[in-house]
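K.L.:
The primary structure of each chain is shown beneath.
There are 2 protein chains.
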Amino acid sequence: MATTADAASESAYRPPTVDVAELRRVLDGKYAEVRDLVRTNLAEHAAVLDEAETMSRAEFRERVKDLVVTMAATGQTGMGFPEEYGGGGDLGASIAAFETLAYGDLSVLVKVGVQFGLFGGAILMLGTKRHHDAYLEDVIAGRLMGCFAMTESGHGSNVQALGTTATYDSDRDEFVISTPDDVARKDYIGNAALHAHAAVVFAQLEVDGEGHGVHAFVVPIRRDGDLLPGIRVEDDGLKMGLNGVDNGRLWFDGVRVPRDNLLNRFADVTDEGCYQSPIENPDKRFFTMLGTLVQGRVCVGGAGINAAKVALTLAVRYAVRRRQFYATSPDEEELLLDYGLHQRRLLPLLAENYALHFAQEVAALRLHDVFSLDPDEDEDEKARRELESRAAGTKALGTWHATRAIQECREACGGAGYLAVNRFAALKADTDVFTTFEGDNHVLLQLVAKGLLTDYASDFEDLDQLGMVRFVAELALETVIERTAAHKLLERIKDVLPGGDDGWDQEAGLLDPNYQLAMLRFREEHTLSGVARRLKRGVDEGLNPGEVFSAAQDHVIAAARAHVERLVLEAFVDKTATLPDGDVKVALDLLCDLYALSTIERDRAWFMEHGRLTSARSKAITRGVNDLCRKVRPIAVDLVDAYAVPSELLRSPDLL
Amino acid sequence: MATTADAASESAYRPPTVDVAELRRVLDGKYAEVRDLVRTNLAEHAAVLDEAETMSRAEFRERVKDLVVTMAATGQTGMGFPEEYGGGGDLGASIAAFETLAYGDLSVLVKVGVQFGLFGGAILMLGTKRHHDAYLEDVIAGRLMGCFAMTESGHGSNVQALGTTATYDSDRDEFVISTPDDVARKDYIGNAALHAHAAVVFAQLEVDGEGHGVHAFVVPIRRDGDLLPGIRVEDDGLKMGLNGVDNGRLWFDGVRVPRDNLLNRFADVTDEGCYQSPIENPDKRFFTMLGTLVQGRVCVGGAGINAAKVALTLAVRYAVRRRQFYATSPDEEELLLDYGLHQRRLLPLLAENYALHFAQEVAALRLHDVFSLDPDEDEDEKARRELESRAAGTKALGTWHATRAIQECREACGGAGYLAVNRFAALKADTDVFTTFEGDNHVLLQLVAKGLLTDYASDFEDLDQLGMVRFVAELALETVIERTAAHKLLERIKDVLPGGDDGWDQEAGLLDPNYQLAMLRFREEHTLSGVARRLKRGVDEGLNPGEVFSAAQDHVIAAARAHVERLVLEAFVDKTATLPDGDVKVALDLLCDLYALSTIERDRAWFMEHGRLTSARSKAITRGVNDLCRKVRPIAVDLVDAYAVPSELLRSPDLL
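Chains A and B are the protein sequences, given in the same order.
In terms of our numbering, the first sequence opens at residue 1 and continues consecutively.
In terms of our numbering, the second sequence opens at residue 1001 and continues consecutively.
Rather than coming from a laboratory, the hints here were simulated on the basis of the structure.
Cβ atoms here follow ideal geometry from the backbone N, Cα and C, with glycine treated the same way.
Just to be clear, a hint being listed does not mean it is correct.
[Stated by the list, open to error] So, partial list: chain B residues that the calculated Cβ filter (under 8 Å) puts toward chain A:
{"no.": "1", "residue": "Gly1156"}
{"no.": "2", "residue": "Lys1239"}
{"no.": "3", "residue": "Gln1324"}
{"no.": "4", "residue": "Glu1334"}
{"no.": "5", "residue": "Asp1338"}
{"no.": "6", "residue": "Arg1410"}
{"no.": "7", "residue": "Gly1414"}
{"no.": "8", "residue": "Lys1428"}
{"no.": "9", "residue": "Thr1436"}
{"no.": "10", "residue": "Phe1437"}
{"no.": "11", "residue": "Asn1544"}
{"no.": "12", "residue": "Gly1546"}
If we strip away everything but chain A, and leave its shape as in the complex, we get (with noise of 0.2 Å):
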């Protein structure tokens, strides 16, 4: 229902109406049935949502396991393995299934990640057939449970300077695995408090005296649940949240695996004890063999996004149904989502959160197609390159938006948000932990900058930050400058502006597409050129190019952060345009347009900066995201049933 003062200044606009049913199909897209396979899994089994809140921290986590093991059992978890070993040989399905366990108990879907997506990837992705053979049925069906020891106490980011050690012991045939001191302790190890029966171990790899870099090994730990010989295990203890995952640390004291326990696709050391491999170079055989773990990226990227929809399910539904103060009838008190601030408040999260949806299915797809390729292929390896860079932006991007909206959404909850059967403390609390595991954020943005910058050329994309800083500011600055030289990019949108040069600046154009478009462009190739000029004048003027790096880091974050948006913004546009004309489509354009004026918005300092906005064009762009929250006010709650979080999920007595 348009309001007065819509009426007065758009009396031609009427909303329009939304098939939600129509809609939820195109945000569930190929995987339909798979969603919908998790939605019932998770309805059936939503009693976890209290079970949270009532058993022990030692109860929960039994719970939580065999929730895991339950659903393994319908088929759920397992869709990214091959067939032969159980699998359901679809990477894609995998992602979808995953994504949508974000509706439930984020114990369990945690407890799923580490499970399949990093014990079993690892061994699928970083081991050979021997490994696949004697462990993937077994992992699939969670008969075998598993961690992934990477992470220790003093490296988290740079895994590359992990310190666990496995030494080749050429008379026994064997890996020795050790922690030489407690910073080299493995930490925050997900099912290896208490569940796991082996480890996938990431360790500095010495064969005959001569480091090899990181290499990954199954380590048994447990047998019928005791510790075997060798393992010191301690809890991490309580955590913010994902109390039903046991986290725990891992110390190994000389624990001898046979040689074959070596993850030896991308390196092995053969029968008469030599190493090899056939990448060459070490820095490009340790980011290839991480490089096939993006899965985990992409899959937590998915959950920041579809747990942000509970949240934004429960504060748009009770956004109309609560109301406060009187305002506009002396008779009823206002309804929440008739305050302009209201709709300020949740209305430009919920069309991030589309955009990032469709951002994330092309994501996935990426990644279904890249890795659904024979693995022993030629692969494109920049395809593989953007896909992680693409996976790493989506991630950060879908996490952070996932802190924000949540809290936003508790915060237009008031009170009734603050209590536990209201979902938003185990969302908030479960979720926190999204924007710093799998990647940090920050340094996952400045992975993306650095992909952009060498233009994913795989040579130097494995160097560290000095060797990158000194590789733009030597070797290959002209290039990125050429690359997104400003006057070369500004001829190629004035093509497609409607008013051609005059194109930036005329209000008719705000919700064009290929202005919006254009715009993100520009700001995403001036930033990285402005970037790529600032170190190298660092490096020119002699300064230590570390230092020149720390000095230009929120700048290198700035440009990633502005590829990212224009990759989100570019999925959700060629999304809209698939669709048949029609009132979803008129639906997602108006989200659509609300995404990309309040993203413009929020830089539009950068933007009149860099003259690309005029100050009445940027009151325009306020005026347009004001204008757009209005009219996407009364098909706000079509558009979060769309989502379609089963009603059991929802909880919530006092906010529904």
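With chain A's structure known, arrange chain B on it following the hints.
P.N.:
The following block gives chain B in isolation, referenced to the frame of chain A:
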């Protein structure tokens, strides 16, 4: 230690040598002794931080209650009450004590707030001598535990519309308290689920069939731990945090209390059964009553600011211990705080915390002054209104700061920040509700805006939104615009700027507090007059005032925020101006500049849109913020050490 980059750009810069003890004296101010008493008490009982994680909820609630009583015995919690009842007779001391409690477990803080601030405070402020004589001694000693039963499920922000009734029964000379329906149940009431013997109940008073609006009554609810007849209680259950506080719901089924139990400072029922009040206008009466409870807001603001200090202490200390990635040296990984981005993430928050600390000091001082007047003396109405506005604004900004700072600090500590032992879990969960209790922050900022628009005119202050909009539009617009007229302001500001008319645009002046303040004042007054014009235009066009207000609501909030940020900067500038020359002053000047420039930077789009920043100067401000971060870096640890959070309270074996 200045880095090479610093040396190149700022060869003259030598960081100040901060005497931490001296800086601590500046922060602790007048009430250093009180703060130290609380520090000592907290350190002695630091075990409660662990107990919060290990005890059952039921045990923990008892533990917290016992601690509150124990602390009461030290005099720490009764400082704001008159000496004749065992209090300290110093409201300012009471705020200082409360704030400092935020270094420890926050259930203890909130329970103290409920018992002494809300329950005791209501009796003190709304009651008269008979109530003081009857209750205060027991309240102060913690013998009479009570709760503050204002909020209802249906009404939290708009408490004027709450549903509980108190009907005067002249036959028995009693009030009958009733809960008409479930939305009128009292909800989220601290101390209600278990410990309160009595409640101060806010209810619609009806005498002889006539309604007189909301009044407060002392209602016994338990005797010897058992509920009294007619009282129904339900536990609010698990909350996101603060689980040491027993929040609950209350229903009253015809509960009778003697006439004397009306807290009758502002209204009474006479022996003859007639309602009488010295304040004729019922709105004004209601807001006058509420106004006396302003102390709660000042306390919560201070609690947020001080809780954030714990987070900042941890994150800054971790950042000078934790190394990750090789950056400036190939031999040693880089300290987190030597990364430009890490400085950007933490140091402006540190500066903001200092700024808010001094703003809070001003708010507490004003509170002390206003309330130390004889309560029956003719009061300065406008001073009270300004205090209420300042308290509301400081509370909003202080608690949002807490949420943001704690979040950023957690992320800056990575996975370690997620473990409960490292304190962020409780800090986040416990402080989360600060932004919405004791007044939802957005509602509070609206209150601030209303005060500004009506110039704290008490006759109009009490109007509801409709009335306010009409008032602004029809009666007082000219005054508001006159008062805030941009051209007059410009004249005034030009005089204080070093370059006169061109002062706005000279880079030299960036660190001049006159320039910084002029910028914030200009924004404040320009935004405010803009709101006034917009409201008038809407009403002139014949639109519904509520809709006009709704459409302008983001603008209203922006005006309030601009006002409060100006007050905060002013407080910081005023404080540093009082300091003797020396390194502590140099350090605080650096921080004050960082606060000022990062505040301007955050809203630089607005300043550009309104012709107060050129692109070049806007970029210079960003450079200035980066430069200040580098200058604050070497003293960052001293700055957090001056908070003097007792080491027993920091825990965090993984961080320190």
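K.L.:
Are the hints correct? Go through all of them and say.
P.N.:
Against the structure, the hints come out as follows:
This hint holds: Gly1156/B has a C-beta 6 Å from the nearest C-beta of chain A, less than the 8 Å allowed. Using the Cβ-Cβ criterion of 8 Å, the hint placing Lys1239/B at the interface with chain A is satisfied: the shortest such distance is roughly 6 Å. With a cut of 8 Å, the hint placing Gln1324/B at the interface with chain A holds, because the nearest CB-to-CB distance is about 5 Å. The closest approach between the C-beta of Glu1334/B and any C-beta of chain A is roughly 7 Å, which is under the 8 Å cut-off, so the hint is satisfied.
A least Cβ separation of about 6 Å between Asp1338/B and chain A falls short of the 8 Å threshold, and the interface hint therefore holds. Satisfaction of the interface hint for Arg1410/B is found here, the shortest Cβ-Cβ separation to chain A being roughly 7 Å, below the 8 Å cut-off. For Gly1414/B, the shortest C-beta to C-beta distance to chain A is roughly 5 Å, which falls under 8 Å, so the interface hint holds. A least Cβ separation of about 7 Å between Lys1428/B and chain A falls short of the 8 Å threshold, and the interface hint therefore holds.
With a cut of 8 Å, the hint placing Thr1436/B at the interface with chain A holds, because the nearest CB-to-CB distance is about 5 Å. About 6 Å separates the beta-carbon of Phe1437/B from the nearest beta-carbon of chain A, less than 8 Å, and the hint is met. Hint on Asn1544/B holds. Least Cβ distance to chain A is approximately 5 Å, under the 8 Å limit. At a threshold of 8 Å, the smallest CB-CB gap from Gly1546/B to chain A is about 3 Å, leaving the interface hint in force.
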